[in-house]
Each structure stands twice: as C-alpha cells, then as structure tokens.
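S.K.: Sequence:
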Amino acid sequence: MAAQPKPAASLSSGLLARKGHARPAMRRQDAAGPDDLGWNDMGAGAPAPDVLPPVLVERAALAREVAGGPTLSAAAAAQIGRDSAAQVRKTGRAAFTLRLDGERHLRLRLASALAHQSAQSLVTQALDQFLATMPQVDALAVQVSAKDG
Numbered sequence: 010m011a012a013q014p015k016p017a018a019s020l021s022s023g024l025l026a027r028k029g030h031a032r033p034a035m036r037r038q039d040a041a042g043p044d045d046l047g048w049n050d051m052g053a054g055a056p057a058p059d060v061l062p063p064v065l066v067e068r069a070a071l072a073r074e075v076a077g078g079p080t081l082s083a084a085a086a087a088q089i090g091r092d093s094a095a096q097v098r099k100t101g102r103a104a105f106t107l108r109l110d111g112e113r114h115l116r117l118r119l120a121s122a123l124a125h126q127s128a129q130s131l132v133t134q135a136l137d138q139f140l141a142t143m144p145q146v147d148a149l150a151v152q153v154s155a156k157d158g
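At position 85 of the sequence shown (counting the first as 1) the number is 94 in the working numbering, and the numbers step up by one without a gap.
Bear in mind the hints are in silico, worked out from the structure with no lab data behind them.
Here the structure is a predicted model, which is why all the values come from computation and not from measurement.
For glycine and all other residues, C-beta sits at the position ideal for the given N, C-alpha and C.
A portion of the hints provided could be inaccurate.
Said to hold, decoys possible - If you anchor each label on the Cβ, the simulated ranges turn out as follows:
1. L117 to V60: 47 to 53 Å
2. T142 to R102: 21 to 27 Å
3. A122 to G29: 49 to 55 Å
4. L140 to R91: 18 to 24 Å
5. T80 to R102: 26 to 32 Å
6. L107 to H30: 49 to 55 Å
7. L25 to T133: 50 to 56 Å
8. A128 to A87: 28 to 34 Å
9. R68 to A17: 33 to 39 Å
Turn these sequences into a full structure, and let the hints guide you.
M.R.: Structure follows, in structure tokens:
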C-alpha cells in the first residue's frame, strides 16, 4: 500500500490579518459551552476590536491636525491687515528685508542669471506658489479686507 501525498496547504484572505489587527482564534471562556474549549478555528463570530491600534490613532490625529492647519486669531489677523495697509498706502508696495545665508544667496543669484529675471521676481513667484497651497490665507485676507472696507 503506497502512501498518498497530502494536499498542499494554501493561505486564503480569511487566514491573513493586517498588522496590528491579529487576534487569537479563541472565544472568551464565559461565551463557550460546556463541551467547547473556546477554539474558533474558522474565525467566525469573533468580536470586532474595541480599541484601534496606536498607529491608526496617531494617523487620525495627524490627519485632523493637517486638515485644520495653523490658526490665527481674529485680532492678530486684523493687526497684520492694518500694518500691511499702512505700509502699502505710502508707496503702493510693501518692502521687507530678506536675510539669506551665503549658499542660498549664491543660488538665488545664479538662478536669477539663468532665468533672466530679477531675484525679486523669482522670490515673488515662489511666494505666490507657496501661498496657493494655503487656502486659509485667502480666507483670512478676505475677512481682513472686508473689515477695512
């Protein structure tokens, strides 16, 4: 009598668990019947976990923090608006000093020469691109200009 080969084992999606979601296949002892040792080999009827893994809690907190973005009080926004308007009224433009380290200054000057544009033009374009990623700035600007107008 020849020995029959065993069928090959296979993994199905029901046997796999995501990282942090693995749980034993045993039921609680109080839920088991008198002849049941608590094993639940098929995973059916297993209770859903009440507590999320720490990584998911942290991910949710970071998502809320990023979605909210930085905040600015109404008083601070109004003061910034008044200061900016006063400076622009004098000359039609606002000026400020930008201090750069040597490496950044060199790279800005080289980029200016390669692009055939002034350093101010390059910095203004970069600032416009950055501000476009922050819709809350536009919302605050509308509020400040509405209070001034």
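S.K.: Range first: 26 to 32 Å. Now tell me if the beta carbons of T80 and R102 are that far apart.
M.R.: holds, 29 Å
S.K.: Within 49 to 55 Å: is that where the Cβ-Cβ distance between L107 and H30 falls?
M.R.: With a Cβ separation near 50 Å, L107 and H30 satisfy 49 to 55 Å, so the hint holds.
S.K.: Does the hinted range 50 to 56 Å hold for L25 and T133 at CB?
M.R.: holds, 53 Å
S.K.: Return holds or violated for the Cβ distance of A128 and A87 against the range 28 to 34 Å.
M.R.: Cβ of A128 to Cβ of A87: about 32 Å, so the range 28 to 34 Å holds.
S.K.: Regarding R68 and A17, is the given constraint of 33 to 39 Å on their beta-carbon distance met?
M.R.: holds, 38 Å
S.K.: Cβ-Cβ distance between T142 and R102: within 21 to 27 Å?
M.R.: holds, 24 Å
S.K.: Look at the Cβ atoms of A122 and G29 and judge whether their distance stays inside 49 to 55 Å.
M.R.: 53 Å Cβ-Cβ, so the 49 to 55 Å window holds.
S.K.: Between L140 and R91, does the beta-carbon spacing fit 18 to 24 Å?
M.R.: holds, 20 Å
S.K.: Check the following: the C-beta atoms of L117 and V60 are separated by a distance inside 47 to 53 Å.
M.R.: holds, 51 Å
Consistency note: the structure conflicts with none of the earlier hints.
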